[in-house]
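**Student:** Each chain is listed here by its residues.
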Amino acid sequence: MKKYLSMMAFVLLMGAVSSIILMGANELTADRIALNAEYAWKTAVLSHHEVEYNDTNFAEVFDANFEVRSAEDGNGNMRYLYVNENTGAVSYQFSGGGLWDTIRGVITLESDFATIKQITVTQQGETPGLGGVVAETEYLNNYKGVKFDETFGIVAVKDTPDLPYEVDAITGATGTSNAFVGILTVEYRLMQSLFTDVDVNAPALKAIMNHNDVEFNDGNYESVFVNTFTTTTIDTYTLYTHNTNSNVSFKFTTGGFNGPIDAVVTLDADFITIIGINVLSHSEGMGAIIQTDPQILEMLVGKQFATDDSSLDADGFVDSFGEATTTAKQFIAGLLNARNNYFSIFEEGVDPNKAWQQALLTNNDVTFTEENYKGLFESTFTVETKDDLTLYTNNNDGSLSFLFETEGFVGTIKGVLTLEADFETIVYITVYEQSENWGARIQNEEGFFDDYVGKKFTPEISFVTEPSTEQEIVDGYGGATTTKAAMLEALNTSVQTYRAAFGNIDPDKAWQQALLTNNSVAFTEENYKDLFASSFTVKSQDDLTLYTNNNDGSLSFLFETDGFGGTIKGVLTLEADFETIVYITIYEQSENWGARIQNNEEFFDGYVGKKFAPEIAFVTEPSAEQEIVDGYGGATTTKAAMLEILNTTVQTYRAAFEGEA
Amino acid sequence: MNNQENKSTIPKPSGWLRLQYKKWFVILKNGISDENPIVVSVLGICSALAVTNRVENAIVMGIGVTFVIMGSSALVSILRNLIPSKVRMIAYMVIISLLTIVVQMFLQAYLPTVAANLGAYTGLIITNCIVMGRAEAFAIKNPLKYTLIDSFANGMGYMLVLIAIAAIREPLAFGTFLNMKIPGFENWINWNVMALAPGGFFVLTLLAWLMRTLTKNYEEN
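So the protein sequences, as listed, match chains A and B. Sequential numbering of the first sequence, starting at 0, is according to numbering that gives the first Met the number 0. Sequential numbering of the second sequence, starting at 0, is according to numbering that gives the first Met the number 0.
Check the hints yourself; a few may be wrong.
SDA-like mimics (lysine to any residue), calculated; alpha carbons at most 20 Å apart, straight line [what the hints assert, rightly or not]:
| id | chain 1 | residue 1 | chain 2 | residue 2 |
| --- | --- | --- | --- | --- |
| 1 | B | LYS180 | A | TYR138 |
| 2 | A | LYS353 | A | LEU238 |
| 3 | A | LYS41 | B | GLN107 |
None of these hints come from the bench; they were simulated from the model.
Using the sequences and the hints, build the whole thing.
**Tutor:** Given below as structure tokens:
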């Protein structure tokens with residue numbers, strides 16, 4: 000035993016000492032490390048622009064030489080562009096996922112916003128000697144003079160680069176090379192869209208014209224496009240139809256190994272045969288060949304979609320990706336999905352809102368067919384809009400539904416969450432769009448959300464292995480941790496947002512209704528407020544409030560105590576003698592075993608008529624009028640808390656109000 | 000008198016011979032050659048494969064590992080009478096990680112260029128089995144003086160093998176030595192396999208074979 004204790008003491012001591020050392024070291028070094036990081040990228044920028052500086056004045060020199068422009072990107076992050084006031088050359092910081100770790104750095108472009116002046120990598124964790132070469136000046140010098148291409152961005156090649164947008168790949172580190180040029184390209188496109196008036200749509204338009212053998216040049220491509228194609232937009236879907244050959248083109252986004260892949264495809268007038276296809280942007284590593292090797296996408300040209308919408312014959316295509324099968328498979332799946340969407344919307348006239356409207360009906364347990372869902376949707380729900388939030392209230396049972404959207408592991412997850420009228424209890428959840436890998440079960444596995452039914456956002460839900468409270472739900476995500484985190488976040492925040500916007504729930508509702516229940520006053524959701532006002536006379540003394548029933552003189556008051564799991568709140572009603580129990584109602588608790596005090600409707604039936612003379616007690620076999628049968632089972636903490644609070648509250652209220660009452 | 004004469008006739012052992020029986024020398028020799036952590040004990044080969052495609056990397060990694068082995072072994076040795084045997088492994092882990100993280104923090108704060116050059120190595124050092132191996136095999140039962148010699152010897156043994164492997168791989172993979180072009184290698188066609196992990200496997204295995212044959216170190220049942 001002594002041995003055991005000394006071991007415990009050692010472990011605790013070791014933990015404490017090492018924590019203190021780590022905290023101390025962090026405290027000592029944090030500022031300097033931040034300063035060094037700032038020093039690293041600012042001096043890199045200064046040297047790119049050939050500006051003189053020294054270690055003490057670099058920050059001032061930096062501020063003096065550059066005009067800072069800022070803009071917010073699509074995710075709400077601020078992006079900064081540093082413009083050299085003399086030369087017009089621009090610099091910005093970039094970052095993105097390498098093969099093993101985040102790669103960060105700064106890049107400087109000439110004033111044409113396309114030609115690379117210099118690149119410095121300030122942080123990376125690639126394999127030393129292989130991918131790690133990406134940070135070496137000697138390698139990065141290869142990028143000088145390379146020009147971002149409108150369509151390809153920058154491409155890493157194994158042979159000698161001969162096109163203006165090609166650079167040498169790192170020997171033996173194709174994955175890192177491709178990821179790196181992918182980061183540069185994606186970040187470049189982002190900065191270009193934020194800070195220049197370049198038409199970001201141009202690559203797509205040009206690709207579509209190439210697919211249709213339309214001749215154009217950089218000066219006239221916009222007008223040629225407008226004259227040759229008809230643009231049709233339904234909801235968020237845009238289709239470009241060639242005026243003479245009726246070929247159809249559209250842009251689409253698929254999942255990938257590292258991130259989304261944007262692409263554009265042209266099909267024949269029947270949406271069956273692929274006429275042309277191009278990738279516009281991606282950040283794949285090994286799978287980068289999808290854009291860099293033109294022959295790979297060429298394999299898809301002439302392929303046909305099966306008329307039953309179910310497949311695209313692409314076996315050879317996937318094989319040609321070698322190891323990067325995820326990229327190929329995600330791309331094909333996304334292409335098929337996009338084609339089917341466009342086909343059903345533009346060719347079959349299917350409503351693009353179908354998916355979520357049907358999901359809403361499913362959640363609300365309304366049976367529908369392909370023909371009548373639209374009518375049912377309109378007749379079932381009352382639509383309320385505030386800012387950009389829309390709430391669908393079920394006309395029959397008052398259930399509340401709203402859409403949520405989040406970024407999962409691969410792509411966007413869209414779903415519908417339906418809550419009961421209390422804005423708390425889950426009716427059902429349906430996911431109607433996703434492109435996850437392991438996490439795909441949230442849409443494909445029927446009954447995945449069955450465990451969620453009846454669980455409550457009080458105020459948030461959580462995923463655990465063994466749920467014991469009403470806000471805990473069994474974690475069914477397996478290894479799909481990113482999907483899980485995204486879903487948890489999306490559900491909790493959307494409920495919060497919608498509650499704040501629409502949930503003008505009366506905070507007094509719970510206890511006022513409990514008071515009415517104790518006094519056997521029947522009420523509805525609409526009239527409880529009026530009944531409450533008319534049934535009771537309210538007397539206050541200090542912070543104590545006594546509610547006297549106007550009809551029979553019963554006395555009620557609220558009590559509050561800490562139970563095993565959290566606060567227990569309830570109402571105790573006594574007869575006018577301040578002694579005999581009329582009833583007890585608990586309206587808030589988060590106990591485990593003791594939850595029965597709220598959930599078991601008959602739990603307090605045994606208390607009726609018992610007397611605080613002067614105190615009550617819980618016993619197994621009650622014989623006196625102050626003894627009540629102990630119904631708490633193993634919930635001893637809850638029991639002790641309840642006994643204590645009931646007895647002391649009665650005493651307090653007696654002292655304050657007895658005699659007057 | 001006779002006795003005196005007899006004594007003087009037995010030649011005094013040479014300095015070299017006497018040195019070979021000093022405890023500190025035995026420990027040093029064991030670490031570097033007889034019980035070399037890589038080729039004999041086959042510890043720490045993961046990092047040996049990863050970083051030996053350049054001599055420069057091998058040297059940096061070798062110094063880093065030597066430093067951490069010495070630091071952690073010294074701490075373990077000092078605390079060896081305090082550490083309860085049941086939790087000693089955890090104690091090693093805590094000491095090693097603590098040491099590495101603190102060193103990394105201070106490097107990043109005060110010697111950022113060195114930290115940038117070390118890059119991913121610091122993380123690799125924590126996972127190096129030699130560090131833990133020496134703590135368990137030596138430091139936990141030996142005084143500080145010998146522990147320092149042992150950990151230095153093992154670090155050097157590790158570094159020398161790393162450099163030996165890298166000295167074979169770098170010229171074959173890149174036609175360079177310590178990043179400088181080797182005379183006569185001007186038209187060298189880079190042998191990519193040597194830059195990758197499989198190249199490390201080949202060279203390491205051949206080297207271990209050679210070393211074991213030379214030192215007649217055979218594993219027998």
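**Student:** Any hints from earlier that this structure breaks? Give me their numbers in increasing order, please.
**Tutor:** none
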